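Asker: Residues per chain are reported as follows:
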Amino acid sequence: MLSIPYVTGYLTEHFGDDEFTQIGGYEKRGGYRAARKAMKEMTPAEVIDLVKSSGLQGRGGAGFLTGLKWSFMPVETDKPKYLVCNADESEPGSFKDRILLERGGHQLIEGLLIAAWATGSEKTFVYVRGEYGFPARQLQRCIDEAYARGYLGKNVMKTGFRHDIVVQRGAGAYICGEETGLLESLEGKKGQPRKKPPFPAQYGAFGMPSTVNNVETFCHVPHIVKNGAEWFRSIGTEKSPGNAIFGVSGHVVRPGLYEFPLGTRLDEIVFEHAGGVPDGRKVKGVIPGGMSMPILPAGQLDVPLANEFLRERKTMLGTGGIMVMDETTCMVRVACVITYFFRDESCGQCTQCREGTGWLNKIANRIERGAGHAEDLDILGDVAGKMEGRTICAFADAAAWPVQGLLRHFRGDFEEHVRQKKCPFTQSFEL
Amino acid sequence: MVISEDARARIASEIAKYPVKRGALLPALHIVHEELGHVSTQTAVELAEIFEIRPGDVMEVVSFYNMFHATPQPRHHVHVCTNLSCSLRGSRELLRALESYLSVDDHGNTADGRIHLGHEECLGACAYAPMLRVGDVYHEDLDLEKAKRILDELD
Chain A
-1 MLSIPYVTGY LTEHFGDDEF TQIGGYEKRG GYRAARKAMK EMTPAEVIDL
49 VKSSGLQGRG GAGFLTGLKW SFMPVETDKP KYLVCNADES EPGSFKDRIL
99 LERGGHQLIE GLLIAAWATG SEKTFVYVRG EYGFPARQLQ RCIDEAYARG
149 YLGKNVMKTG FRHDIVVQRG AGAYICGEET GLLESLEGKK GQPRKKPPFP
199 AQYGAFGMPS TVNNVETFCH VPHIVKNGAE WFRSIGTEKS PGNAIFGVSG
249 HVVRPGLYEF PLGTRLDEIV FEHAGGVPDG RKVKGVIPGG MSMPILPAGQ
299 LDVPLANEFL RERKTMLGTG GIMVMDETTC MVRVACVITY FFRDESCGQC
349 TQCREGTGWL NKIANRIERG AGHAEDLDIL GDVAGKMEGR TICAFADAAA
399 WPVQGLLRHF RGDFEEHVRQ KKCPFTQSFE L
Chain B
106 MVISEDARAR IASEIAKYPV KRGALLPALH IVHEELGHVS TQTAVELAEI
156 FEIRPGDVME VVSFYNMFHA TPQPRHHVHV CTNLSCSLRG SRELLRALES
206 YLSVDDHGNT ADGRIHLGHE ECLGACAYAP MLRVGDVYHE DLDLEKAKRI
256 LDELD
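If you're matching them up, the sequences are chains A and B in order. According to the working numbering, the first sequence is numbered sequentially starting from -1. According to the working numbering, the second sequence is numbered sequentially starting from 106.
The shape of chain B in the complex, shown without the other chains:
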């Protein structure tokens, strides 16, 4: 069993909030990601049992959403918004500079496998551009030095 008892209990309390079990699938996938970082085939099988659906139904949902992953992930996901408002304020230059700082390509992982760096579409921080997010934590009004410091402080 890869999904822990604790996670199963949290999933059960999410299910209780919905009129239909499956309503809690996205919350369950968030819980699984917090605990395991991704949804492996075994995780999908266990989730399918909990939700009384097929493993394929789980993976179909995983593959639809950018924040869910079917493969093991680096500890930190760093995304620089490159949508229009951010691009107008230098976010693409910032992303290129951070790529060379970490020696990664667009949507690459660092050699030590700790950090994933990539671009992302609008994150709702348009007035505070350029910006990046680490997981669901936003860092806004950045310049290159501030951004490098944020990367340096990741464990």
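Just chain A, same shape as in the assembly:
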């Protein structure tokens, strides 16, 4: 059973309360007032301006400005416009969207309604990863309640605005979390990403203008409408405002979810809140933002979790999945796990990715079993470098970056395998 966050904030403060998952309980705590305010007191352009001035950045990994993305939607068009909610949470180390679906379905629906009003979208498709059966059913139950209350359907809150929400379940493909892979999958096809441009705002779901945002991104929106852009900007850092939900996993005493303002320090979360590594062992490295993001070594954890600071250390916030590895961990085994994943999940469309992920995995495995050569380290770096930035989507970059991070900070682990012709880390997790 998914536990509620250890530290809560405006997104998750009521998640321990079962009533909050019911429409009546949600309304009692002020729910749907922000959607009513947006639709009855604000024009769509005003809502977009508000979200723009709040500085909200997408929480799905790329960190693009949400208001700016919404403003790309054409205003004068005869075509139907769609909103797409990316609930295909599959980034290893990330499990925040799951609780937002399970415990905060109405908060998400309210965010979707406001976004739909702002972008003039008649329908939302929520694409939930196939394995998230319970979260998808919880969301569907909330959607049914919202229809019964007149918050969805032909005449939302008697404003004359029409909006429907359709939940589609994925079927087990990581690449469908990439926004255009998701759109292809939504259309009943293989989830192979599209070339951009055209971007979804011009050519999105079913060829119509569409906006795709992550679950958490939508969940911030009702709070911004309710409390204003200045309030939102007062939380977090100047460049990265608002709270975020961090998932902490791996070698820590209290793995779980933590809602904190962006800019909260990584070491504070790992040591003070998650209790550090069990049994007095030391930390060796931490991945700060889901498995696609480069690792940081123990000496570099004094960094605020916001992209402007993480970039200085050659990593990114990603999806906020913090993966902690203790001193027993073999970083070559980590490379084997990571490269296996990307090899398995590459959609196969681009040669650099299809071949590159396979080579990264083969070479990592070879080094791990003691059959590696000294030049293999350079080959790993070379292959990773040749994948980055050369493919249709960012998947190849996501496969290359963690390998580059491991080589940057833990090259010694790789060299030691080659020198000793075996894995020297006898206490490490098993492969």
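In short, the hints are calculated from the structure, not lab data. Do not rely on the hints blindly, as some may be mistaken.
Over 10 Å on every C-beta distance to chain B, these chain A residues come out as not near it, computed from the model [stated by the list, open to error]:
# : residue
1 : G151
2 : M206
3 : P253
Taking lysine to any residue pairs in the SDA-like style, the calculated list, with each CA pair at most 25 Å apart, reads [stated by the list, open to error]:
# : chain 1 : residue 1 : chain 2 : residue 2
4 : A       : K187      : B       : S118
5 : A       : K188      : B       : T176
6 : A       : K35       : A       : F159
7 : A       : K187      : B       : E139
8 : B       : K251      : A       : G226
No experiment lies behind these values; they were computed from the predicted model shown. Glycine is no exception: its CB is placed at the ideal position from the N, C-alpha and C atoms.
Put chain B on the given structure of chain A with help from the hints.
Answerer: Relative to the frame of chain A, chain B by itself:
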């Protein structure tokens, strides 16, 4: 006809939600899997008729996604997550122990054909490792004894 009237009605109501018929193909494949467990050639032909596409278009989609199958499947699919966070907390040891408990190899079926056991990539349960899923039901914070009990209770 292998797809039942009931499933056809459910598929029709999914199609009604989409601007383009084919949008409902994944929902339809989920419905077919609930009913038949896999997509046979005949099922693909019938789905192709419903969606006005070719059977090959259906199978191309089936083969792309891990949760869809073109061959008959055991009643229960049990998957242990072995991605990084779970591996750090002993999921691979758990999987090996369960393989020997059921006498199967990685991604093997039990001799009675009831259970498929295999590893899987991240399932979004990183803080509650090790974990496994049976279909879309998650079992988290496991140890070997708890996991064995879950397997024992499968029909």
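Asker: Does each hint fit the structure? Answer for all of them.
Answerer: Going down the list of hints, with the structure as the test:
| no. | hint | result |
| --- | --- | --- |
| 1 | G151 | holds (13 Å) |
| 2 | M206 | violated (7 Å) |
| 3 | P253 | violated (4 Å) |
| 4 | A:K187 <-> B:S118 | holds (19 Å) |
| 5 | A:K188 <-> B:T176 | holds (19 Å) |
| 6 | A:K35 <-> A:F159 | holds (14 Å) |
| 7 | A:K187 <-> B:E139 | holds (20 Å) |
| 8 | B:K251 <-> A:G226 | violated (48 Å) |
Against the hints set out earlier in the document, violations occur for numbers 2, 3, 8.
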